[in-house]
Amino acid sequence: MAPAVEVQDVYKSFKNVRAVSGVDLGIESGRFAALLGPNGAGKTTLVEMIEGIQKPDRGEIRIHGMPWKGNEQRLRHIIGLSLQETRFIDKLSVWEILRLFASFFSLGKKRVNEILELVGLEDKRQAWVVNLSGGQRQRLALGIALLNHPRVLLLDEPTTGLDPNARREIWSILLDLKKRAETSMVLTTHYMEEAEKLCDHILIIDQGRVLREGSLDQLLADDTQEKIIEFTLDAAGLPEETVSAGAPFSIDWDSYNARGTVILDHIESQLPEFFEFLHQKNLHMKNMECRKKTLDDLFIELTGRRLHE
Amino acid sequence: MSNPIRHHQFFHLIAAHAKEIIREPAVIFWGIIFPMLISLGLGLSFTQTRDVVHHVGVISDSADAGRNDSKIHAFLREHGQKVSEPAGHAPKYRLTVENPQLGDTTFVFTQTDWKTATVLLKRDRLHLIVEPAGGGIEYHFDPRNPDAELAYLKLTKAISGRPVASPEIAGNIEPLTVTGTRYIDFLVPGLITMGAMMSCMWGISYGMIDKRSKKLLRRMVATPMRKSNFLMALMVVRIGMNIIEAVLLFIFAYLVFDIAVQGSIAALIVIFLAGNIAFCGIAIFVSSRTANTEVGNGLVNAVVLPMTVMSGIFFSYHNFPDWSVPFIQKLPLTLFTDGIRSIFNEGAGFVETGIPAAILVAVGGIFFSLGLRVFRWH
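Residue numbers (my numbering), protein chains in the order written: chain R, 1 to 309; chain U, 1001 to 1378.
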């Protein structure tokens, strides 16, 4: 069976900016994939090319084996999507907007009622779009994306700008959908928790390229036994040179917050060494935490920048 | 499906566009009340018999006309009514020539010197300067200013002792107040066509640019929606609104000014629809590319402003230089307005308005298809 979404060697440039630069990806039917990357990484351009809204300069895109050219009407019926920040008509009610979009798929009231229940907007059915909260608007956009029982769902930053509660509401709708395993999804996000929580397959994207991809476990696989130690010292304002001088391994030091990070390969032997070093320098530790590697750490490792910079 | 029409996208698109308009209270004011107020304001001010005031400067050596013995000063002392002025200012005189048929004419005479009189003339606060010369009167005015010339003619008649219109001449004057010849009859058809143009251009263009900038167009064409349904629904709703606005304005003008349609109602409906099609097509062309409302503003104004001024909405385009008239007559708003006006006031029908209507439909069709070819949905 053909993959739900197949992207082969796709390039796209705007004027003098190369937005997407040789991307390949394949998403099996029923799988949820995340395109994780900072703003400006090329996620939206990539997902809009998959949506058929933009055309690649080079390369091929197929959805369930069908390229956009020649299959536009069929593909429009099997995909559902939400764009980054669509503003629907202010003075139409939730019910009216859903009815309008349902009519594009020749669907009637029954499906609109199902969607209202699915995205939890039953009590807002008569409310005008202009009076909805940010979270409610995003749930409406998601409801519209789900109207036609899409086989492929494409969501561009569905929770950006939402508060944690509103974000969890969207997540729970998507997790329910995942259980039914009828839909494949591609979602763009710059929240690593979102990618971790929702998706089986994560593609880390920066500057138009896929830097690394795989399941969360694969991406964070710890071949080197690396451990991350975060600590705070009773020494605010101490410059980096002072802390790092003579250290047995490299210390990433944030002097304003008096917080440092070290990565240790052999924690049993190196941790005592580290304490000894602090003792010699007469530095007093206030707090220490040993934690697992995160996607953010991986991103820093790959690009030297944080996801949210 | 129980009712296929109620599930059809065209029906829902029409409902959505219509609700979007109706739920904006300002639409009711600007689309319906405002044109009525314009017709009321302009209609009343131009259909009442006008009382005219002419300001005349009288060159006087001395501050007091009583000490001047020229002909004009003698005339003022005899017929004029002295208006008291603050101390130190020369008294003014008023003279009113009554005429119940054409309206009263009042002359206000200000005694002044040449220098002040020239300044006042430049500022259009005097129409005419009179100066005693020998035993008679010398008149100075700008011959290109029709008001000044009229003031001169009326004043010479008044001074020579004849009424502004002598009885035997007045007997021939029949003021035109019959329906079809008054200013309001000229104005209302123009207001109807201008309203339709404005509504198409601003409503469709602005609405489209707004939807494009909100990414709503992009979202809609990412569904199986037919683009032609979307555009047709937009035009149908707009034309429907324009019909309601035009009918309400007509009813208002009928009730207040007793305006009437003298020609063929069928031809009126046809050319009204043709004009709407023309401007819907132009509006879609104008809004086919930009997603920036300020650029859209400029584009719409570039279309709307020249036609509003030139196409003879408020005054006849024959006031423009002769060489420009053939060009003006080919503008869509001129074709539209001349057609509607001839049906209202001249009893015209399909014979007179058929060709303009066909041209308007063609204009709409051409701009619509050009616009569709370059249309940016994303």
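The hints are simulated quantities; they were obtained by calculation from the structure and are not laboratory data.
One should not assume that every hint holds.
With the C-beta cut set under 10 Å, the calculated list includes, among others, these residues of chain R facing chain U [as the list claims (entries may be wrong)]:
hint	residue
1	I53
2	Q73
3	R76
4	Q84
5	E85
6	T86
7	I89
8	S93
9	F101
10	R125
11	N148
12	Y191
13	F249
These numbers were taken from a predicted model, which means no experiment stands behind them.
We put the beta carbon where it would ideally sit given N, CA and C, even for glycine.
Checklist entry - So which hints don't hold here, by number, going up? => result Going through the list in order, the structure violates hints 10, 12 and 13 and respects the others.
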